[in-house]
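**Q** Letter by letter, the chains look like this.
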Amino acid sequence: MMQPLAGRSVVVTGAGGGVGRGIALACARAGANVVIAALRTVNGDTVAREIADLGATALCVGCDVTRRGDVERAVAAAVERFGGLDAMVHNATSRRSPEPCDLESATAALWEQHCSVSLRGSYYAAQAALPQLRARRGRFVLLTSPAGMEGSATLPLYAMVKAAQRAFVKSLAREWGCLGINVNALSPLAATPALVRAFAAHPALEAHLNALIPLGRVGDPEQDIGAAAVLLLGDGARYVTGQTWVVDGGRFTGL
Amino acid sequence: MVDRAIAWLRNPRDTARPRAWSRIHGAHRRGLVTTRNVQEYIGLAESVTVGSSLLDGKIALVTGGGAGFGRALALGLADAGASLAVLGPGRDAGERATVREIEERGGRAAAVVTGFASRGEVEDAFAAAARALGPIDLVVHAYVDPLALEARELAHVDDAIWDTACEATIRSALFACQAAHTQLRVRGGRIVLVTPTLALSGAAGFVAPSAGWEAVRMLAKSAALRWGALGITVNCIAPDASLLVGEGGPAGPPLVLGAAALGTAGDARADIAPLVALLASEAGHFVTGATLRVDGGVWLAG
Chain A
1 MMQPLAGRSV
11 VVTGAGGGVG
21 RGIALACARA
31 GANVVIAALR
41 TVNGDTVARE
51 IADLGATALC
61 VGCDVTRRGD
71 VERAVAAAVE
81 RFGGLDAMVH
91 NATSRRSPEP
101 CDLESATAAL
111 WEQHCSVSLR
121 GSYYAAQAAL
131 PQLRARRGRF
141 VLLTSPAGME
151 GSATLPLYAM
161 VKAAQRAFVK
171 SLAREWGCLG
181 INVNALSPLA
191 ATPALVRAFA
201 AHPALEAHLN
211 ALIPLGRVGD
221 PEQDIGAAAV
231 LLLGDGARYV
241 TGQTWVVDGG
251 RFTGL
Chain B
1 MVDRAIAWLR
11 NPRDTARPRA
21 WSRIHGAHRR
31 GLVTTRNVQE
41 YIGLAESVTV
51 GSSLLDGKIA
61 LVTGGGAGFG
71 RALALGLADA
81 GASLAVLGPG
91 RDAGERATVR
101 EIEERGGRAA
111 AVVTGFASRG
121 EVEDAFAAAA
131 RALGPIDLVV
141 HAYVDPLALE
151 ARELAHVDDA
161 IWDTACEATI
171 RSALFACQAA
181 HTQLRVRGGR
191 IVLVTPTLAL
201 SGAAGFVAPS
211 AGWEAVRMLA
221 KSAALRWGAL
231 GITVNCIAPD
241 ASLLVGEGGP
251 AGPPLVLGAA
261 ALGTAGDARA
271 DIAPLVALLA
281 SEAGHFVTGA
291 TLRVDGGVWL
301 AG
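Chain order of the listed sequences is A and B.
For the first sequence, the residue numbers in the numbering used here are 1 to 255.
For the second sequence, the residue numbers in the numbering used here are 1 to 302.
Honestly, the hints are just simulated from the structure, not real lab data.
Quick caveat: nothing in here was measured; it's all calculated off a predicted structure.
Check the hints yourself; a few may be wrong.
Claimed, not checked - Heads up, incomplete: computed chain B residues facing chain A, CB under 7 Å, no partners named:
hint, residue
1, ALA151
2, LEU154
3, GLN178
4, HIS181
5, ALA199
6, SER222
To be verified - Ranges of calculated distance between the beta carbons of each label pair, as one might list FRET restraints:
hint, chain 1, residue 1, chain 2, residue 2, range
7, A, ALA109, B, ASP124, 16 to 26 Å
8, B, ARG131, A, GLY254, 33 to 43 Å
9, A, ARG197, B, ASP124, 33 to 43 Å
10, A, ALA201, B, ARG131, 44 to 54 Å
11, A, ALA135, B, ALA301, 30 to 40 Å
12, B, ARG105, A, LEU215, 57 to 67 Å
As the list claims (entries may be wrong) - Output of the computed footprint for chain B on chain A, the stretches with three or more beta carbons under 8 Å from beta carbons of chain B:
hint, stretch
13, 105-113
14, 116-126
15, 160-166
Glycine residues also receive a C-beta, built at the ideal position from the N, C-alpha and C atoms.
Modelling step: build the complete structure from the supplied sequences, incorporating the hints.
**A** Given below as structure tokens:
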């Protein structure tokens, strides 16, 4: 089996489920040692066990990305267990991300929920990972969304943090290029648990969404999104930085 | 008229000033107007600035109007005939100075001192502006903390700087949009947010503010989608960030990304305010969710 990430050390935040879990599993199959940074260790431990069952190596670390110390501990765990850090993937978002809200009545407290996880978490992740990524000329990846490129009438605060992360990536790529650290964003369309639940509740939704996707289906978190993440973290993407990779079956064509 | 302008450009000291002289002079100084295209230029200048009635009877509110870029926009919108509510944090009584300058030119204006830290204070300030001048037609959010314009590697950003340069930029725009919605929801109107092009390009040393402004761009798109049915348009104007730094601004690596096709990053009052006026006029009623780059042709990618 090809192992393009053999021996690499990768931290994935929000890896207890959904897209984060998919990226963690794909990286592990590709040979990486993975730190599952999860808010709920009960979920993270399950993913770590799944990875162990594959014969690969993973470690779950409880991590609330809104706390700088937690993010630093996740990086430290990678260094301690796996000897360093080759890639930081900040995937975690607020669990209120899929919750529709009216922009005119959005509260500062709800903004804080979105911002603290996605955006401030990006800032903590970048600062915590920098010394290690610098030593190994590593990779830094943020997860974004079409909402962060086209706006959203129903998820305005989510759209704002996802947009902010794209500019964060562009500026940081320019800043860290001289250090040999590649910084990119990944914009997935995947069957996350929230989307699967929505499909179950509204069966017509799945057909409607599939019709909007040139490839005709919503992506699988591991097989489709994780696989692209492995490419982005691998040697083949060593000349790619400051970019948003849209991995969505062709749905978004705005770039 | 054209003869007069040409004579004046050739010999400004001994010739009477033509109308729109300040705009023509500014453009001439920057090499944008020559004796060959002056006729065309006078037409443009007159249509949108001196003596124009594009925004006659309209009431515009400009946040950050007490200094720099925001002041220049406020003055330019007053040039176009609007009454101006000038909002800002009261540094050096800048808002009152802007109001005085507008009044000295025969315009109508009111200053409101406010912070942007909570929705409540922004709502109160917008309501005070409407009480002073009448129902608001146009809201321009140009306020930015000067700290956001200081170059600083992310490794050297601390939590207080991060909050001011990134998150406070977003929160102030969110509160300004919400307060604008309160003012505009019945009659409709225009919202314009200032988002420098470095949100589009990225820039080393500006991770925090570029992230902040890109969030603001998506706020504008989301608001445009949500409030379109109320007759509210929401757009962004994207100047070169160097325009926001202004004279006496913080030192650091140059914010200029490259050469401008038009030879200059422009002047906020002469080159950018007229476009905001156009957006605010009837001519702008079908433009929403857009980012209009007004950087003289520096960043052409998006």
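**Q** With reference to the structure, classify each hint as holding or not holding.
**A** Taking the hints in turn, this is what the structure says about them:
1. With a least beta-carbon distance of about 10 Å to chain A, the hint placing B:ALA151 at the interface is violated under the 7 Å criterion.
2. Because the smallest distance between the Cβ of B:LEU154 and any Cβ of chain A comes to about 6 Å, under 7 Å, the interface hint for this residue holds.
3. At about 6 Å, the closest approach between the beta carbon of B:GLN178 and any beta carbon in chain A falls short of 7 Å, and the interface hint on this residue holds.
4. Below 7 Å, beta-carbon pairs count as interface contacts, and B:HIS181 has one with chain A at about 5 Å; its hint therefore holds.
5. At its closest, the beta carbon of B:ALA199 sits 5 Å from a beta carbon of chain A; the interface hint therefore holds under the 7 Å criterion.
6. With a least beta-carbon distance of about 4 Å to chain A, the hint placing B:SER222 at the interface is held under the 7 Å criterion.
7. At roughly 20 Å, the beta-carbon separation of A:ALA109 and B:ASP124 lies within the given 16 to 26 Å, and the hint holds.
8. Judged by the Cβ atoms, the range 33 to 43 Å given for B:ARG131 and A:GLY254 holds: they are separated by roughly 42 Å.
9. Between A:ARG197 and B:ASP124 the Cβ separation comes to about 41 Å, which falls inside the hinted range of 33 to 43 Å.
10. Look at A:ALA201 against B:ARG131: about 48 Å separates their beta carbons, and that is inside 44 to 54 Å.
11. In this structure the supplied range 30 to 40 Å holds for A:ALA135 paired with B:ALA301, their Cβ-Cβ distance being about 33 Å.
12. Between B:ARG105 and A:LEU215 the Cβ separation comes to about 60 Å, which falls inside the hinted range of 57 to 67 Å.
13. Against chain B, the stretch 105-113 of chain A contributes 3 residues with a C-beta closer than 8 Å to a partner C-beta. That satisfies the three-residue criterion, and the hint holds.
14. Counting residues of the stretch 116-126 of chain A whose beta carbon lies closer than 8 Å to any beta carbon of chain B gives 5, which reaches the threshold of three, so the coverage claim holds.
15. Counting residues of the stretch 160-166 of chain A whose CB lies closer than 8 Å to any CB of chain B gives 7, which reaches the minimum of 3, so the coverage claim holds.
Going down the numbered hints, you'll see the structure goes against just number 1.
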